[in-house]
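> Given these sequences and hints, build the entire structure.
Protein chains in written order, with this note's numbering: chain A, 1 to 355; chain B, 356 to 710; chain C, 711 to 1065; chain D, 1066 to 1420; chain E, 1421 to 1775.
Hints were generated in silico from the structure; no laboratory data involved.
A portion of the hints provided could be inaccurate.
Derived list of chain B stretches under chain A, where covered just means 3 residues or more per stretch with a C-beta under 8 Å from a C-beta of chain A [as the list claims (entries may be wrong)]:
1) 625–639
2) 644–658
3) 663–671
4) 676–684
5) 699–706
If you only want the chain E side, here are some residues facing chain A, beta carbon under 7 Å, derived [said to hold, decoys possible]:
6) D1469
7) D1677
8) V1686
9) D1687
10) A1691
11) D1694
12) N1697
13) I1706
14) M1715
15) S1723
16) I1726
17) P1727
18) F1730
19) V1734
20) M1737
Beta carbons are placed, not taken as given, at the ideal position from N, Cα and C, and that holds for glycine.
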Amino acid sequence: MSKKIKLKKSKKAGLAPGTLFFVGEKKVNNTSISLINYNSEKFSTNNLDFNYFEQVSSTTSGVNWLNINGLHNIDDIKKICRKFDIHNLVMEDIVNTTHRPKIDFLDDSIFLIAKMYSFNQDKRIIQSEQVSFILKNNFVITFQEEPGDVFKPTRDRIKSDNSRVRALAADYLLYSLLDNLVDSYYQLLEDLDDSIDSFEQNIIKDSNSISLSDFFTLKKSLLFLRKSVWPLRDISSQLARSEHNQIKTTTLPYMKDLYDHVIQVVDSVEAFRDLANGITEMYLSITNNRMNEIMKVLTVCTSIFIPLTFIVGVYGMNFEFMPELKWKGSYFFLWGLMIFITISLIVFFKKKKWL
Amino acid sequence: MSKKIKLKKSKKAGLAPGTLFFVGEKKVNNTSISLINYNSEKFSTNNLDFNYFEQVSSTTSGVNWLNINGLHNIDDIKKICRKFDIHNLVMEDIVNTTHRPKIDFLDDSIFLIAKMYSFNQDKRIIQSEQVSFILKNNFVITFQEEPGDVFKPTRDRIKSDNSRVRALAADYLLYSLLDNLVDSYYQLLEDLDDSIDSFEQNIIKDSNSISLSDFFTLKKSLLFLRKSVWPLRDISSQLARSEHNQIKTTTLPYMKDLYDHVIQVVDSVEAFRDLANGITEMYLSITNNRMNEIMKVLTVCTSIFIPLTFIVGVYGMNFEFMPELKWKGSYFFLWGLMIFITISLIVFFKKKKWL
Amino acid sequence: MSKKIKLKKSKKAGLAPGTLFFVGEKKVNNTSISLINYNSEKFSTNNLDFNYFEQVSSTTSGVNWLNINGLHNIDDIKKICRKFDIHNLVMEDIVNTTHRPKIDFLDDSIFLIAKMYSFNQDKRIIQSEQVSFILKNNFVITFQEEPGDVFKPTRDRIKSDNSRVRALAADYLLYSLLDNLVDSYYQLLEDLDDSIDSFEQNIIKDSNSISLSDFFTLKKSLLFLRKSVWPLRDISSQLARSEHNQIKTTTLPYMKDLYDHVIQVVDSVEAFRDLANGITEMYLSITNNRMNEIMKVLTVCTSIFIPLTFIVGVYGMNFEFMPELKWKGSYFFLWGLMIFITISLIVFFKKKKWL
Amino acid sequence: MSKKIKLKKSKKAGLAPGTLFFVGEKKVNNTSISLINYNSEKFSTNNLDFNYFEQVSSTTSGVNWLNINGLHNIDDIKKICRKFDIHNLVMEDIVNTTHRPKIDFLDDSIFLIAKMYSFNQDKRIIQSEQVSFILKNNFVITFQEEPGDVFKPTRDRIKSDNSRVRALAADYLLYSLLDNLVDSYYQLLEDLDDSIDSFEQNIIKDSNSISLSDFFTLKKSLLFLRKSVWPLRDISSQLARSEHNQIKTTTLPYMKDLYDHVIQVVDSVEAFRDLANGITEMYLSITNNRMNEIMKVLTVCTSIFIPLTFIVGVYGMNFEFMPELKWKGSYFFLWGLMIFITISLIVFFKKKKWL
Amino acid sequence: MSKKIKLKKSKKAGLAPGTLFFVGEKKVNNTSISLINYNSEKFSTNNLDFNYFEQVSSTTSGVNWLNINGLHNIDDIKKICRKFDIHNLVMEDIVNTTHRPKIDFLDDSIFLIAKMYSFNQDKRIIQSEQVSFILKNNFVITFQEEPGDVFKPTRDRIKSDNSRVRALAADYLLYSLLDNLVDSYYQLLEDLDDSIDSFEQNIIKDSNSISLSDFFTLKKSLLFLRKSVWPLRDISSQLARSEHNQIKTTTLPYMKDLYDHVIQVVDSVEAFRDLANGITEMYLSITNNRMNEIMKVLTVCTSIFIPLTFIVGVYGMNFEFMPELKWKGSYFFLWGLMIFITISLIVFFKKKKWL
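In structure tokens:
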């Protein structure tokens, strides 16, 4: 996991600002483009290749959703950005997949970077992917690192004739896509919740079987999740209060709703961090407790047998003159003494609640 | 408990925003509706079923309190909401019982979500239930998950002819219901206080008998209680400073009073969290102390008998030439030596304060 | 102590807001009232009973300080409040002795709730009492739970002919009383400081003699003291910046001075909390250290004698063929060997700094 | 140290506000006064006694620095304050040497309280002294508890003919004195830094030789230093942004510079607190580690010899029928067995990395 | 490292404000100066010595970057500053290499102090160097303590004919240099990340091999890095929102980009601090765990053999009347008994999960 969440920017350090350079792991081989065009009456889906891409006109009527998968081919990204008059610094941010989530209200468009997370149950790691959104007039352009199905619900709804997304404009489409993204966070939070629950159960049952390094990885995940979710709070808040020309007033209640959801995610992440700290504390307490228990057994055992062993050692001595050795019954008397000592000690330990 | 406070939203993830879908556990079988209509002179209570519900008119004179129990039947909720012209997103929030507490000042109404908590002493869990309030002209509409008696005091007061609630308008009714809700938090805080007290007593008396996982559950409860109470602070503060047309100026002092009470709850929750942390620390200190005590007994016991056992071991050896064995009195001299060693060690340990 | 600082409000939960109900412990049997009337030339003190109380006129000239001791007799309180036209919600706050400190700037008066604390050295608990102040024209009305001598300095100064309080108006009287109250906090802080100091000394001298539960009580006291002092900060700040008609501009510098004192109390409480945490840490460190020392003694003792005991055990065996047993001098050689082993181990432990 | 930083105000509690009373330890016997008068051309220094003090006129031309050492003689302080028309509450704050640092912008003057700290390397304590400054027209009046040399640099510069202080007005003199004061904090911080460094070195070398109570005193010092430095931040910030008639616009950049220095001191204090916490943690880790090491030696030693001791115990039994005792070579075989067991255990412990 | 990050200011304490004095270690022997002059068509690089420096005119056309390496020669710095009319306090800040990062918007120029950090992998220390920037009309003047290659990317881009830096004005040059500086932080963060990773790996593999003092040094580095990066946040934010005459509106998006990068650095530093704390916790947990394991082995070993040793001790006694000694088979019965005890104990420990 540590590989995934590491800072990758240095590869780029030293390049002129505005020089395009793909930063991140190459996740897919080819840039693939799909265009969904719709209005309230009809919709069409096209998987484009770059030869046909030229035909896309930035003035097509209806709402257009242009989705780009794969960011490593800088030339392709450049072509797309130029077609839509996208500023160089924006282009640079799109291909730098380690960018912090942010929103830029540009003169004629809105640019937004967010992170998609998924919890890989097998490897127990959180995988992150960067998505960039551009809202410009009747176009929403999304840039993903690899094809994913987070946006499937919106895609399905576009196909449905009387859905609200079909009836409304591109800003609602942006909202709908962001809502899908935040919904995917809930899935992640549930997975994390299950993980925390199972750690908790394991600690209570038997603290030995839990893997401390797994738990540390979980805490690290929460740390990095938090780092991505916090900026989203600002982003959605700005969208909800926005007076930008690209966002219609009628869409603002939806953006406010989005903001509510993000706040809920932020709250949950913070609560999970507190929970994880609580589990650490509980783990230390339980370990301490167990050590206490072990110490008691050791102490009781040692304290009872060491005096007895001394006593029998005494009568194992080979002195020629030891009167007790000759006395009949002294052996049995000694047993009596030892039993008495044992019982006394057991009573003492009972009183101390060590037994 | 963890089941109760888990995030449940994913069930809904992927639905179009505005699509109604009940999120939560189905707690009652039927939606039941009651309408209390009153003015300063008379009042009437009606338990409606949906056939008669059509007769409720949103223009009835006097103050009307419409209480809905049970949110799983989406169609019923839809019918009610449409009758009162409630926005789709509000409807969605009402039936999503995992929503964060919030207030929305809409154009012609006020919408408010809060949580009701009760501490189940048997299972030692906090049970939460969501309540939504809509204040619209002379109507207050409340949506509960299951029938509860938190609002009983207000109901009783409405029945009393010269109560203030009878004399005032719907915004005072809203205040009165919220005040009942906050009062129920005090009950919960007292139960938590008793729990913390009993943990504290148990730790001081005997740290072994406390259940660490119970204590962890308590801390988790405080965590989630806090998550619900904090937003209430903002909500009541906004109500107290509100200039919304639905709230009369004469009601503002009452809302300010409500705000004072919420602040007091928030303070108490924070104080309880500090207390719980203090108990954790004390628990660790006491465990440490106890381990120290055990170690001392072990050490004293071992340190006294191990040298003695060595000495008697020496004279248990079978060498043919050991002059001491032949000396008369050497046995008694040895006893003297061993008693001297024992006393010296005891003095040494006394000086070290280990005895 | 826990009994004293517990939340008591639930007793009241369910009453109509504005219904008077005494919340708290009944501390005195009768409500007693005293009225001090003064101007720059003369002063008079009267202990009133309720029969004569009717004669008090809210329009008496000069400055009037009406002090009420005992809040459990609701009727008496009602009578007083009605005479001075005090709002129902204010009355409710006066008799609810668990209220959070607060200030209300009403149209024609200022209402203020604060806590008085005293440290009971015998029981080592902090006792709290609620005081309410009403400043209305030339009247200052104070409500105490039981007669106390915190305000004695002001009382004495009123008796002194050329004191400033005699020369100035009712707002200065309010300031003077609040100043007495804050001064009483300093006394409490000093007592706490002594307690912390003695804990610190005890820990350094001998950590066994300190009572962890006493220390925990101290931390709890700080926690609740803080809960009461923080609101006072806002209160005094609002008084210092107030433009309310009841506060003259010439009194503002004194209110500013009061604010400075409150800030100093707040700072001290925070510093004491940090100190208390530091002591907890030091306690853990010292306990750890002591355990280390014990372990060393145990380990050194065991590590030296266990090998020796083994050796003498070897020659205590009864094998018929053990050549060494027959050799003359082997006994003394063995002693030499054992002394050598002992010295080697001692050197080893010295090098490890365990001795 | 605890004696020095204790709250002393209670001695005064109960006095009328504005009653002068010296609070603090009497540090010098006599109040001594010195007056430095200068302008760009000349300067004169006078040590005044109170007989001649009458001759000082508050209207002398040039810049005047009046320095008072010793605050216990209330009458002297009163005389001075009256001559310069200083408000009673200010006078009260000057002689209360436990006052929190603060700034008051009065109508015709600026009043400022700060703390001077010095680290006494011998006693390892921080000694604090209060300094008050009054800037009124062409006078700067400073009140110190005892004569000190913190202001020596300014004094020297005044003696130098072409220094900036000589060329500028009284507000620059105030700045220059405050700058000296902040410079003295740097000296203190360096001493603390050395202390922290030496604690760190000692812990790494050998944790036993450090004195926990000394370390606790260091942390306490940081706590109280912080309490004094934080208000200075506000004070210098207010000076830098001041539009008060006593501060010329040309002096503001210098005040801004002062603010920068104070911020740097605040940052350092915070960083030192973090460092001190880090050292506490490291100390606990190292102690833990050492205990681990001790435990390993104990365990290895015990685990090897206890089985061997058992074995030789077996053949020390006196049963009449023990066939092995008669076998020739069984003694040597037993030695072989014991060596084998020892080696096995050593290999086992090596694998566990305990050796 | 501690030497490097120590406060050095005291050396200067006592000098008149505005007196130039080099504070810091002398890192290079001579002050070297280089001037790069360029416009969109051509560029020239000159390494100046002070004889030729007189020829530099502050009115040269094109963009000029004057870089000074070495600050210890106060006279040289003075000469440069006077040529460009730089205020005395600014000059003082430039040569005080322990100054906190800050920005000053002066009337005709912008003055900025920042820190450059590099992680020395050999000595595992962070080395810091102060850089000051002055932007004044078409001049950017940089003051470094020693020659470094952090600005190489900008230098290279200036050499490239169609680079953006060549086309734009001096404010873009300032941005470009600051961007290089922030890029160098990323390099440092990666090195720290690697360090943290390797600590983490070592702890999981074998906690004994990690050096606690190295880890403490790492935490200290983060502490001081944070101290330098936090002010940069304000600085870049002020640049991005600046309306100063030296910054063109077209450069603001680049400054905003710079701000984004600084925020990302700040976030990472905070995350690393959390990570480091997490590692400390994990280390303590693992150490605790290991101690537990050791204790178990000790306890199991002792608890099994101590009773057996007692038993064989019993039959090593030399009493004349011990019937069992005479019985045939009692030796073998005893072995059976001992084997039974051993197995019972092993089962007991298995059940307790200690084996």
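> Determine for every hint whether it applies to the structure shown.
Here's how the hints hold up against the structure:
1. A stretch counts as covered by a chain when three or more of its residues have a beta carbon under 8 Å from one of that chain; for the region 625–639 of chain B and chain A the count is 3, and the coverage holds.
2. Interface restraint, the region 644–658 of chain B with chain A: holds (8 residues with C-beta to C-beta distance below 8 Å; minimum three).
3. Coverage of the region 663–671 of chain B by chain A holds [criterion: at least 3 residues with CB-CB distance below 8 Å; count 6].
4. For the region 676–684 of chain B, the proposed coverage by chain A is satisfied: 6 residues have a C-beta within less than 8 Å of a C-beta in that chain, meeting the threshold of three.
5. Closer than 8 Å: that is the beta-carbon criterion, and the region 699–706 of chain B has 0 residues meeting it against chain A, so the requirement of 3 is violated.
6. About 30 Å separates the beta-carbon of D1469 of chain E from the nearest beta-carbon of chain A, more than 7 Å, and the hint is not met.
7. Hint on D1677 of chain E holds. Least Cβ distance to chain A is approximately 6 Å, under the 7 Å limit.
8. Given the 7 Å rule on beta carbons, the hint for V1686 of chain E is violated: about 10 Å separates it from the nearest Cβ of chain A.
9. A least Cβ separation of about 6 Å between D1687 of chain E and chain A falls short of the 7 Å threshold, and the interface hint therefore holds.
10. Because the smallest distance between the Cβ of A1691 of chain E and any Cβ of chain A comes to about 6 Å, under 7 Å, the interface hint for this residue holds.
11. Satisfaction of the interface hint for D1694 of chain E is found here, the shortest Cβ-Cβ separation to chain A being roughly 5 Å, below the 7 Å cut-off.
12. The criterion of a C-beta within 7 Å of any C-beta in chain A is not met by N1697 of chain E, whose closest approach is roughly 10 Å, and the hint is violated.
13. Restraint check, I1706 of chain E versus chain A: the minimum CB separation of about 6 Å is within 7 Å; hint holds.
14. Interface restraint check for M1715 of chain E: the shortest CB-CB distance to chain A comes to about 5 Å, inside 7 Å, so the restraint holds.
15. Annotation: interface hint on S1723 of chain E holds; nearest CB of chain A at approximately 4 Å, less than 7 Å.
16. Hint status for I1726 of chain E relative to chain A: holds, with the closest Cβ pair at about 4 Å, below 7 Å.
17. Against a cut-off of 7 Å between C-beta atoms, the interface hint on P1727 of chain E holds, since the closest Cβ of chain A lies about 6 Å away.
18. A hinted interface residue such as F1730 of chain E counts as satisfied when its beta carbon comes closer than 7 Å to some beta carbon of chain A; here the least separation is about 5 Å, so the hint holds.
19. At a threshold of 7 Å, the smallest CB-CB gap from V1734 of chain E to chain A is about 5 Å, leaving the interface hint in force.
20. At its closest, the beta carbon of M1737 of chain E sits 4 Å from a beta carbon of chain A; the interface hint therefore holds under the 7 Å criterion.
In summary, the structure is inconsistent with hints 5, 6, 8 and 12 from the numbered list given earlier, while agreeing with the others.
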